[in-house]
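Single-letter residue listing:
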Amino acid sequence: MKSHARHWNVVCLPLCVVGLVVTLVTWASSSPVEKSPPPLTITEDDTFTDTVQQVNQFFESQWTEKETPPAATASELTQLRRLSLALHGTVPSLEEIREYESLQGTNRLERWTQKLLADRRFADYFSERLTRAFVGVAQGQFIIFRRDRFKAWLSDQIQDNTPYDELVRKLIAGEGLWTGDPETNFITAAVADGNLDRNKLTGSTVRAFLGQRIDCAQCHDHPFDHWKQTDFEGLTAFYGQVEVQVLGVRSNRKLKYEVEDRMTLEQREVSPRVPFLAECLPAEGTLRERLAEWVTHPDNRRFERASANRVWGLLFGIPYYDPVDDLPAPTDLSQSPPGLLDILGRDFRENGYDIKRLIQIIVASRPFQLSSESEFATAEQIDAATYNWALFPLVRLRPEQIIGSMLQASSLKTIDQNSNLIMRGRRFFSELNFVKEYGDLGSDELNDFPGTIPQALLRMNGEFAKDNGSASPLNSVGRIASLDVSTEKRIETCYLVCLTRLPTPAERDYFLKQYQSANNQQQRVKITEDLYWALYNSPEFSWNH
Amino acid sequence: MFDSHLLSSKISRRDLCKVAVGGTLSFMLPGFDLKAAEKRGKERRKSVIILWMGGGPSQLETWDPHPGTAIGGPGKAIKTVVPGLQISDMYPLLAEQLDSMSVIRSMVSKEGDHERGTKYLKTGYRPEPTTVYPALGAIITHQLPSSQLEIPQHISMGNTQFPARGGYLGGHLDAFRVPDPGRNIGNMRAGVEAPRQERRLENLDVVSQAFRKGRTIQTQKTLHQSTIDRALTMMSSEQLNAFEIEKEPEAVRKAYGDSPFGRGCLVARRLVEQGVHSIEVNLNGWDSHTNNYTGHQTQAAILDPAFSSLLNDLKSRDLLDSTIVLCIGEFGRTPKINPLDGRDHWPTGFSCIVGGGGLKGNLILGETDPTGKEKTPVDPVRIQDLYATILQKMQIDYTKELISPIGRPLALSDGTPISRLI
Chain A
558 MKSHARHWNV
568 VCLPLCVVGL
578 VVTLVTWASS
588 SPVEKSPPPL
598 TITEDDTFTD
608 TVQQVNQFFE
618 SQWTEKETPP
628 AATASELTQL
638 RRLSLALHGT
648 VPSLEEIREY
658 ESLQGTNRLE
668 RWTQKLLADR
678 RFADYFSERL
688 TRAFVGVAQG
698 QFIIFRRDRF
708 KAWLSDQIQD
718 NTPYDELVRK
728 LIAGEGLWTG
738 DPETNFITAA
748 VADGNLDRNK
758 LTGSTVRAFL
768 GQRIDCAQCH
778 DHPFDHWKQT
788 DFEGLTAFYG
798 QVEVQVLGVR
808 SNRKLKYEVE
818 DRMTLEQREV
828 SPRVPFLAEC
838 LPAEGTLRER
848 LAEWVTHPDN
858 RRFERASANR
868 VWGLLFGIPY
878 YDPVDDLPAP
888 TDLSQSPPGL
898 LDILGRDFRE
908 NGYDIKRLIQ
918 IIVASRPFQL
928 SSESEFATAE
938 QIDAATYNWA
948 LFPLVRLRPE
958 QIIGSMLQAS
968 SLKTIDQNSN
978 LIMRGRRFFS
988 ELNFVKEYGD
998 LGSDELNDFP
1008 GTIPQALLRM
1018 NGEFAKDNGS
1028 ASPLNSVGRI
1038 ASLDVSTEKR
1048 IETCYLVCLT
1058 RLPTPAERDY
1068 FLKQYQSANN
1078 QQQRVKITED
1088 LYWALYNSPE
1098 FSWNH
Chain B
67 MFDSHLLSSK
77 ISRRDLCKVA
87 VGGTLSFMLP
97 GFDLKAAEKR
107 GKERRKSVII
117 LWMGGGPSQL
127 ETWDPHPGTA
137 IGGPGKAIKT
147 VVPGLQISDM
157 YPLLAEQLDS
167 MSVIRSMVSK
177 EGDHERGTKY
187 LKTGYRPEPT
197 TVYPALGAII
207 THQLPSSQLE
217 IPQHISMGNT
227 QFPARGGYLG
237 GHLDAFRVPD
247 PGRNIGNMRA
257 GVEAPRQERR
267 LENLDVVSQA
277 FRKGRTIQTQ
287 KTLHQSTIDR
297 ALTMMSSEQL
307 NAFEIEKEPE
317 AVRKAYGDSP
327 FGRGCLVARR
337 LVEQGVHSIE
347 VNLNGWDSHT
357 NNYTGHQTQA
367 AILDPAFSSL
377 LNDLKSRDLL
387 DSTIVLCIGE
397 FGRTPKINPL
407 DGRDHWPTGF
417 SCIVGGGGLK
427 GNLILGETDP
437 TGKEKTPVDP
447 VRIQDLYATI
457 LQKMQIDYTK
467 ELISPIGRPL
477 ALSDGTPISR
487 LI
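Taken in order, these protein sequences are the chains called A and B. Heads up: the first sequence begins at 558 in our numbering, then just goes up one per residue. Heads up: the second sequence begins at 67 in our numbering, then just goes up one per residue.
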């Protein structure tokens, strides 16, 4: 009898433990975030409308001047797709499309944008984009650099809508341990081989926050801009007193910044100096605090212009000025009218460096709403129209947008923080692996990049395509194939889920014929799979349009 | 409306592509015989195989043993067929095959981190934030494109965190990755049977057509369809046979060893025969911060049969004269053995094996201090020097400058060829 009981123990105990672990993990990973309630009203003040109008006027006069009439306005569904791709990195789910369609009243798109911005997926998606811009994609030296912590911290800041200037100041001047004060990873990301590379810090500070590439001035004067090698050294000297120690990132006032003179090969001390706007540099504070104040000073227009250019780039897929981090110097506004970045930058500055507001302004202005279709007959006309933002550009989706869209299209419900653990886990690992195999774009993700044969092969034949495109009771292919609806509805649903649009009459007829030729459910499933395959591999799926 | 000839006839898309390509280009091309193995002398172009030792192997437990010294560890050395050259006794098979190869014992780098070290050693340029440098294989593919290959020209086999990239030369020069060589050619086969694949491609035409409306020129510019067409050509190419090692005699497969790396080396040889010029085979697991000696024994059991069989095969098929083989990792390991019986990262004075392709062989370059006190080796060699040597041997002007996307002129390699190897 006793041994019998022991047997039971042997069997039950591990089961109990497993059960307990599963329960705990599920509980711990259940999202504390509640679904955001549908936005009811939009609070739009006069300054918001003013800025949008200014942006529109800027473009309208440009279109007249360059004789490139703007394209027609894109359909709401197309704009919906653009928004989800830019803000969440996926196509909208069927659930979202239906919810959008049920919205009543005016300003549907603006209210929808607000909803997308409040969604945690926006903070998570944008934090990865900004993390790339600030510290790149390298995992670095694990012991002192925690990219995951840094990204999670950024995501929280974005979710709370921390003013962007404040956020940047924390990055430059932060002190503490990379785990407890994750903003300090901005500093420790520059540690290589046990040494803090202060030149790298200067390079990333100026590139990420001021939109200038001055890395070359580390060794010689900038070939066409005004950056001198001494400017670079003077800026780097602001990082001269930062130390990475066991207790974290801290300032040590005893440290002096010395460089080896390239002519005499002797060490010489360099004192901190800013290359312009010296009056914006405060006298008080640690060296990094002073640098942070100077970088984000309201009079330092490079800061607001660089921010606007980056956000524009993330919304359209290409920045207003390309490359995103090498902008021309700001012009004197008393001499010439403001450019786009000046208009957006001023609004950004005057409204508390509010990233979400900046996004809403860009989304509400005309270039974002224009169609990518036109009647232009020549490549030159199309290039001119695209260059002047009179035609929405075709932009290749980045790897994480492709896999995000593929995963989302494989589910009818929205995949977000409220999805179950398995779904979220699948998303996490699929994205990681797919991006790696597709070719990670690193911190240059806003540059144009050509498509490759391995990418086409991965989309057509890869594991991800197989998993997401083969019918199962758990994915959308299987569910659409087994839905008890008319064939027309079935085809429509496939199109909405994958391409966020309805099929054209010609497309509908073509696929109707295929379904009509099917004799049994099994064949219908295969037809649905093959339709899905074509949608996944179409240019429309992997390009923003 | 969509009842085009594609649907009504039984001609496959593949046939159509062939006709289209054949009709326009075939008269310009020489015969489609491009197997390197069938060519001789100047007619045959050179290939490079890089055996990448990910994690950084210890020079002391590979090609630069110092047995009996304080830094030597428990290992012994054995003689090789190269007079005066001794290597670790973990490599008895390789010791017999090193004729016409050279050992460099004085490689120096300045990067002691895996990621940065790998990027430097794979490209010849130290990593920096504004420029992504191309790997050696990408430079070779870029400079010596092969119009007759239907399969990728730059291939990386085995799992690796940092595969060879095209960098500023473009993503199309990224190495094509085959994570499980000899077993699975991955995405190069369609997921469904031929009739369904046909239907899928016809569907794709229909869906693409709707998108092209109003965007004809832009869609053409995306090259989406032409990329798919080239991928389809690859999927049905006979050259894919190079990836199938089932056709090799069992004895040959056994000799390379039953490991992904062994299979990768065998596929590498088949790819060279097919005419592929840039191949990388990855072997990870060298990062021996603990139990360095036993770790290296495990690795040697994989590397020794694979590397020696590769050299043996290349020689017996008269391919070594046209194939440069380089075995190297991102750095070496400290002379000092740490309290966990491991060795840590050591970017100065580490070793590599290089040879073939007309490089001078049977040489030992550089030497390290047997006491481990002197950091800098005798006759230090930088990776860019080695790459300049290899490029020059491949008749590529390594000083040629290309313009990076930020407008900076960059030489293919800023090193100086190692005169003793040429």
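Any given hint might turn out to be false.
[Unchecked claim] Quick list of in silico lysine to aspartate or glutamate cross-link-like pairs, EDC-like style, CA-CA up to 20 angstroms: (1) Lys441/B with Asp750/A; (2) Lys785/A with Glu800/A; (3) Lys757/A with Asp713/A; (4) Lys1023/A with Asp435/B; (5) Lys402/B with Asp435/B; (6) Lys279/B with Glu930/A; (7) Lys1083/A with Asp435/B.
[Claimed, not checked] Derived DEER-like restraints, expressed as beta-carbon distance ranges: (8) Arg655/A with Gly280/B: 19 to 29 angstroms; (9) Asn357/B with Gln1078/A: 49 to 59 angstroms; (10) Ile283/B with Lys1070/A: 26 to 36 angstroms; (11) Glu624/A with Arg192/B: 23 to 33 angstroms; (12) Leu834/A with Gly351/B: 29 to 39 angstroms; (13) Asn1004/A with Ser292/B: 19 to 29 angstroms.
Hints in this document: simulated from the structure, not taken from any laboratory. Model, not experiment: these values are computed from the prediction. We put the beta carbon where it would ideally sit given N, CA and C, even for glycine.
Each hint, compared with the structure:
1. For the hint pairing Lys441/B with Asp750/A, the CA-to-CA distance comes to about 16 angstroms; that is within 20 angstroms, so the pair holds.
2. A C-alpha spacing of about 26 angstroms is found between Lys785/A and Glu800/A, which places the hinted pair above 20 angstroms, so the restraint is violated.
3. Pair hint Lys757/A plus Asp713/A does not hold up; C-alpha atoms about 26 angstroms apart against a cutoff of 20 angstroms.
4. About 55 angstroms separates the Cα atoms of Lys1023/A and Asp435/B, which puts this hinted pair outside 20 angstroms; it is violated.
5. For the hint pairing Lys402/B with Asp435/B, the CA-to-CA distance comes to about 12 angstroms; that is within 20 angstroms, so the pair holds.
6. A hinted pair counts as satisfied when its Cα atoms are at most 20 angstroms apart, and Lys279/B with Glu930/A qualifies at roughly 8 angstroms.
7. Proximity of Lys1083/A to Asp435/B is assessed by CA-CA distance (about 68 angstroms); at most 20 angstroms being required, the pair is judged violated.
8. The hint said 19 to 29 angstroms for the Cβ distance between Arg655/A and Gly280/B, and at roughly 27 angstroms that hint holds.
9. The given range of 49 to 59 angstroms is respected by Asn357/B and Gln1078/A, whose C-beta atoms sit roughly 58 angstroms from each other.
10. Distance hint check for Ile283/B and Lys1070/A: the Cβ-Cβ separation is about 31 angstroms, which falls inside the suggested range of 26 to 36 angstroms.
11. Against the hinted window of 23 to 33 angstroms, the Cβ-Cβ separation of Glu624/A and Arg192/B comes to about 49 angstroms, which falls outside the hint.
12. At about 53 angstroms, the CB distance of Leu834/A to Gly351/B disagrees with the hint of 29 to 39 angstroms.
13. A hinted range of 19 to 29 angstroms holds for the C-beta pair Asn1004/A and Ser292/B, which are about 21 angstroms apart.
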